[in-house]
Amino acid sequence: MLSCDLPSCLQTLISMSAITQQQLLTPEKKALASMSLNTQPILNLEKFHESQEIPLLLGRQQNDLQSTPSTEFNPLIYGNDVDSVDVATRVAMVRFFNSPNVLHGFQMHTRTLRLFPRPVVAFQANSFLASRPKQTPFAEKLSKTQAVEYFGEWSLNPTNYAFQRIHNNMFDPALIGDKPKWYAHQLQPIHYRVYDSNSQLAEAMNVPADKETDSDPTDDSGSDSVDYDDSSSSYSSLGDFVSEMMKCDINGDTPNVDPLTHAALGDASEVEFD
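Counting from 1, one number per residue, gives the positions in the sequence shown under this note's numbering.
Incorrect hints may have been included.
Unchecked claim - Cross-link-like lysine-lysine pairs, in silico, DSS-like; alpha carbons within 30 Å at most:
no.: 1; residue 1: Lys179; residue 2: Lys30
no.: 2; residue 1: Lys134; residue 2: Lys144
no.: 3; residue 1: Lys30; residue 2: Lys181
no.: 4; residue 1: Lys141; residue 2: Lys30
no.: 5; residue 1: Lys134; residue 2: Lys29
no.: 6; residue 1: Lys134; residue 2: Lys30
no.: 7; residue 1: Lys29; residue 2: Lys181
no.: 8; residue 1: Lys29; residue 2: Lys179
Unchecked claim - The following label-pair restraints were derived from C-beta to C-beta distances:
no.: 9; residue 1: Met93; residue 2: Ala204; range: 33 to 43 Å
no.: 10; residue 1: Ala204; residue 2: Lys179; range: 34 to 44 Å
no.: 11; residue 1: Tyr192; residue 2: Asn168; range: 15 to 25 Å
FYI, nobody ran anything at the bench for these hints, they're computed from the structure.
Every residue gets a Cβ at the ideal spot worked out from N, C-alpha and C, and that includes glycine.
Can you make the complete structure from the sequences, with help from the hints?
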């Protein structure tokens, strides 16, 4: 019986050295183990005041903020909520690819062929493998993929600030996190009014919606408007207009006209004299 959970084109992962494995597995295991801590995660960091210390977010004293960030995984920095563990996992992946036996210093073995309209980079795989402290089948296989060349093209003008900060040994979620709870307390609100307080728009905004006017609505001439059926005043085609005329009480007979009255209208030829 075939299982749809398994990929059909599964490839065996190339073995790597034990040191390289530990650089990836150890931070991952610590990140997962931090979710079982007894401390409660901070869910709404924006409720904290700027002068109040956040123990799980920072996990260090104020005088230590100016020091060099630690290169070791610290569960007190990340906390034990899902978002913090997600950031810790990303940090572990970046540190793994920046390890000496994987992609550390690969920019030294790239040559820029073109910058415009799209960067094109040539990657020198042989010199790259020769510079590894210990050559592994994983690094050899990785260096021959197109992903390394694309990574070199992207590195010419990186747009991911979180990756750049992790690359510079910044692991604090307050600096690299993408959730509002990590940076919302530092944002300053900007109040800007798009209309004047004395304008008609401001008066209309202040009027309650359920307030009724004392007088009936009038038209432009000031007289009371007469209610009528909108459906009979507009027609989508001439056929609708004719159909509506046939349904109404209007007929085609000529009405009886008083001669004098008709003459008064200007038609003197129809006036009879005795």
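Here's how the hints hold up against the structure:
1. Lys179 - Lys30: Within the cut-off at roughly 21 Å; holds.
2. Lys134 - Lys144: Since the Cα atoms of Lys134 and Lys144 sit roughly 17 Å apart, the hinted pair holds (cutoff 30 Å).
3. Lys30 - Lys181: Holds, at roughly 23 Å.
4. Lys141 - Lys30: Holds. Lys141 to Lys30 sits at ~28 Å (cutoff 30 Å).
5. Lys134 - Lys29: holds, 25 Å
6. Lys134 - Lys30: holds, 26 Å
7. Lys29 - Lys181: holds, 25 Å
8. Lys29 - Lys179: Holds: Lys29 and Lys179 sit about 23 Å apart, inside 30 Å.
9. Met93 - Ala204: 33 to 43 Å: Since Met93 and Ala204 have Cβ atoms about 54 Å apart, the given range 33 to 43 Å is violated.
10. Ala204 - Lys179: 34 to 44 Å: The hinted range 34 to 44 Å holds for Ala204 and Lys179, with Cβ atoms some 38 Å apart.
11. Tyr192 - Asn168: 15 to 25 Å: Once the Cβ atoms are compared, 35 Å apart, the range 15 to 25 Å for Asn168 and Tyr192 is violated.
Comparing the model with each numbered hint stated earlier shows that hints 9 and 11 do not hold.
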